[in-house]
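J.: So the chains spell out like this:
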Amino acid sequence: MADLTADLGFIKLKNPVIPASGTFGYGGEFLQFFDLDLLGAFVMKGVYTDERGGNEPPRIWETPSGLLNSIGLAGPGAEGLKKIIKDVASKTSTPIIVNVCGGTDEEYLEVARVLDVMKEVAMLELNISCPNVRAGGSCPAQNSSDTKRVVKLVKENTKKPLIVKLSPNVSNISSIACSAEEAGADAISVVNTFLGLALDIEKRKPVFKNFFAGLSGPAIKPLALKIVWEVANAVSIPVIGIGGIMTGRDVLEFILAGASAVQTGTVNIVEPTGSVRIINETRELMDKLKINKLEEIRGCLEI
Amino acid sequence: MKEEECRVAANTNIQGRYYLMKIESEYISEKSDPGNFVMIAVSGSNDPLLKRPFGIFKIDSPYFYIYYEVVGRGSKLMASKKEGDRVMVVGPLGNAFPKYENENMLFVGGGRGIAPLYFAIEKYSGSNNISLIYGGRSKDDLLFTEELKQFPLNEAAFYTDDGSGFKKGLVTTDIKEIIERNGINVTFSCGPDKMFESLNEEIGSLGIRNFVSLEAFMGCGFGICYSCVVKGSDGKYKKVCSDGPVFRMEEIKWQT
Ligand SMILES: Cc1cc2nc3c(=O)[nH]c(=O)nc-3n(C[C@H](O)[C@H](O)[C@H](O)COP(=O)(O)OP(=O)(O)OC[C@H]3O[C@@H](n4cnc5c(N)ncnc54)[C@H](O)[C@@H]3O)c2cc1C
Ligand SMILES: Cc1cc2nc3c(=O)[nH]c(=O)nc-3n(C[C@H](O)[C@H](O)[C@H](O)COP(=O)(O)O)c2cc1C
Ligand code: FES
Chain V
71 MADLTADLGF
81 IKLKNPVIPA
91 SGTFGYGGEF
101 LQFFDLDLLG
111 AFVMKGVYTD
121 ERGGNEPPRI
131 WETPSGLLNS
141 IGLAGPGAEG
151 LKKIIKDVAS
161 KTSTPIIVNV
171 CGGTDEEYLE
181 VARVLDVMKE
191 VAMLELNISC
201 PNVRAGGSCP
211 AQNSSDTKRV
221 VKLVKENTKK
231 PLIVKLSPNV
241 SNISSIACSA
251 EEAGADAISV
261 VNTFLGLALD
271 IEKRKPVFKN
281 FFAGLSGPAI
291 KPLALKIVWE
301 VANAVSIPVI
311 GIGGIMTGRD
321 VLEFILAGAS
331 AVQTGTVNIV
341 EPTGSVRIIN
351 ETRELMDKLK
361 INKLEEIRGC
371 LEI
Chain X
59 MKEEECRVAA
69 NTNIQGRYYL
79 MKIESEYISE
89 KSDPGNFVMI
99 AVSGSNDPLL
109 KRPFGIFKID
119 SPYFYIYYEV
129 VGRGSKLMAS
139 KKEGDRVMVV
149 GPLGNAFPKY
159 ENENMLFVGG
169 GRGIAPLYFA
179 IEKYSGSNNI
189 SLIYGGRSKD
199 DLLFTEELKQ
209 FPLNEAAFYT
219 DDGSGFKKGL
229 VTTDIKEIIE
239 RNGINVTFSC
249 GPDKMFESLN
259 EEIGSLGIRN
269 FVSLEAFMGC
279 GFGICYSCVV
289 KGSDGKYKKV
299 CSDGPVFRME
309 EIKWQT
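Going line by line, the protein sequences match chains V and X. So the mapping is simple: the numbering used here equals the position in the first sequence, first residue as 1, plus 70. So the mapping is simple: the numbering used here equals the position in the second sequence, first residue as 1, plus 58.
Chain V extracted, bound-state conformation:
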């Protein structure tokens, strides 16, 4: 049987499938569907220092094979999250990744500091790419200098491995990924959602109060795959591929494009047991294609 181990260098995961931030709650919500130990790791919903209510509805809009969201990072705040983390950590040995958010550099730092002391947290994922908080979808991941500054600041103040999550809404993703690497990122995760627009022709208004919203789901897979390929060729740290993964075949495509592991997002919302199905499909497809280890195909695109 194929070995699904995903090696990120600083940690070995039992398989490459990691449910993505914002699509997996705090993990515990999925215990009623399956054993969290089946997962490679999982990422908690994004957290700020303070409790937040999130954006005014509507917050989602369905598009062909996709989903636009403008949730606006609702949540309990970093201190409130500690108890939730302890609770779910007592029910699983799967590595927990926390998605660190901030409105300012200081806030990123503060959230990272609060979580850095928790032994239950395996890694931090720095979300410098959330499109739904500031007006117009701006975020530090939009340019190299902001990326470098924020990543450096957080990296210097945490002992945890730091994954940096980048935005696809930029013109040169490779240079931004390189800035994150230079600033000390241990891994890059791409992509966060693509900015999109939904309109209401009857009211002649945008559907979302924030105007733009983030597109996810199978509709973005080819776009995400391209970005993963570009980033994997630009940096030497591991890349975690994200975007529209719905099947085991999708997972292997991202690995072939150069990813060391993947995150599954929207699939968890539409199919609560989807990530486990994807792990099983990945194993079956590897057996069928006689791939013994992920390393055998990672980045080995024949061109």
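Please keep in mind that the hints were generated in silico from the structure rather than gathered at the bench. Don't take each hint at face value.
[To be verified] Label-pair ranges, simulated between beta-carbon atoms: (1) ASP251(X) / ASP120(V): 25 to 35 angstroms; (2) ASN71(X) / PRO134(V): 26 to 36 angstroms; (3) GLY290(X) / LYS279(V): 47 to 57 angstroms; (4) SER160(V) / LYS60(X): 40 to 50 angstroms; (5) LYS157(X) / ASP186(V): 44 to 54 angstroms; (6) ASP157(V) / GLY290(X): 23 to 33 angstroms; (7) GLU190(V) / GLY290(X): 24 to 34 angstroms; (8) PHE209(X) / LEU101(V): 31 to 41 angstroms.
[To be verified] If we take Cβ atoms under 10 angstroms as the criterion, some of the chain V residues that face chain X in the derived model are: (9) GLY92; (10) PHE103; (11) ASN139; (12) GLY142; (13) LEU143; (14) ASP175; (15) GLY254; (16) ILE339; (17) VAL340; (18) THR343; (19) CYS370; (20) ILE373.
From the three backbone atoms N, C-alpha and C, an ideal C-beta is built for every residue, glycine too.
Dock chain X with the ligands against chain V, hints included.
T.: Chain X with the ligands only, in chain V's frame:
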């Protein structure tokens, strides 16, 4: 709650846009209470991507029933399902109407909002004194009136907006008299938002216990995507799928 592939045992067009789907699931039919709902995959493909929420209308273990109206692409796809087709279902979801005994209860249904109330009437009419108000746009939107009359009801009042088939009026037209006449102290209601707004105006301050079952656009149905929120009277957002869909009327911030 569980995610499982279920067999469609029947899918019948009752009248116009309204359908009744009978689905086989021992788990859901045994675990569900009135007010609970399920998420159903309408396409079996990536488009449409989201499952659709439907209240549980009736249980006849190992079957449960969904009473639905075709309003868009997803429900149209539901209508095309045939006996023997398989659908992915997540459920039972949400909280349920609270359980009461020996109370004088009033059920208020607007259109397809009768779905969760039917189940509640079936389950609770033996142990409570139940009255019913049921309204719709026209007589073609007011289904199951004969079946409902079979339950031991204190009083049943039916209304249509256009006066076809039943008394012309809204569910609120005679509600105060009905509440008084039957000594009502608990109400359960389900229907369109506009109906809730007028109910809140009419009976929100009578000092009785009012419960509403709300609808919202849902992503997951089990509390993780934060997409189905409504503003609570405390100013905080509540998730319709997991904090509800049943709320006390005064928990919600109404427009009026
Ligand atoms: C808890 C619960 C229980 C329910 N129970 C029942 C039931 O028992 N029977 C029943 O018939 N229905 C029930 N519904 C409603 C049912 O879920 C919807 O009618 C169904 O999802 C519509 O899907 P559709 O694809 O047919 O329509 P869609 O095409 O998805 O939508 C119909 C309409 O809504 C608009 N719309 C679509 N997405 C959004 C969005 N994100 N924000 C705002 N507007 C949007 C569309 O423009 C269109 O006008 C219930 C809903 C909830 C939440
Ligand atoms: C409802 C929703 C909420 C999300 N919340 C977050 C978040 O809090 N932090 C974050 O970094 N990404 C968030 N994302 C982005 C996902 O983690 C993921 O990067 C994106 O959805 C693309 O993957 P997918 O196509 O598999 O969904 C969210 C996505 C969705 C759909
Ligand atoms: S529908 Fe996802 S939280 Fe309610």
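J.: Could you run down the list of hints and mark each one as holding or not?
T.: Each hint, compared with the structure:
1. ASP251(X) / ASP120(V): 25 to 35 angstroms: 31 angstroms, holds
2. ASN71(X) / PRO134(V): 26 to 36 angstroms: Because 27 angstroms falls inside the window, the suggested range holds.
3. GLY290(X) / LYS279(V): 47 to 57 angstroms: This hint is violated: roughly 18 angstroms between Cβ atoms.
4. SER160(V) / LYS60(X): 40 to 50 angstroms: 23 angstroms, violated
5. LYS157(X) / ASP186(V): 44 to 54 angstroms: Distance hint for LYS157(X), ASP186(V) holds at roughly 47 angstroms.
6. ASP157(V) / GLY290(X): 23 to 33 angstroms: 25 angstroms, holds
7. GLU190(V) / GLY290(X): 24 to 34 angstroms: 31 angstroms, holds
8. PHE209(X) / LEU101(V): 31 to 41 angstroms: This hint holds: roughly 39 angstroms between Cβ atoms.
9. GLY92: 8 angstroms, holds
10. PHE103: 6 angstroms, holds
11. ASN139: 7 angstroms, holds
12. GLY142: Because about 9 angstroms separates GLY142(V) from the closest Cβ in chain X, which is inside the 10 angstroms limit, the hint holds.
13. LEU143: 9 angstroms, holds
14. ASP175: 26 angstroms, violated
15. GLY254: For GLY254(V), the interface hint is violated, since the closest Cβ of chain X sits about 32 angstroms away, which is over 10 angstroms.
16. ILE339: Constraint on ILE339(V) satisfied, holds at 5 angstroms.
17. VAL340: Where the cut-off is 10 angstroms and the nearest Cβ of chain X is about 6 angstroms from VAL340(V), the hint holds.
18. THR343: 5 angstroms, holds
19. CYS370: Violated. Min distance 28 angstroms.
20. ILE373: 28 angstroms, violated
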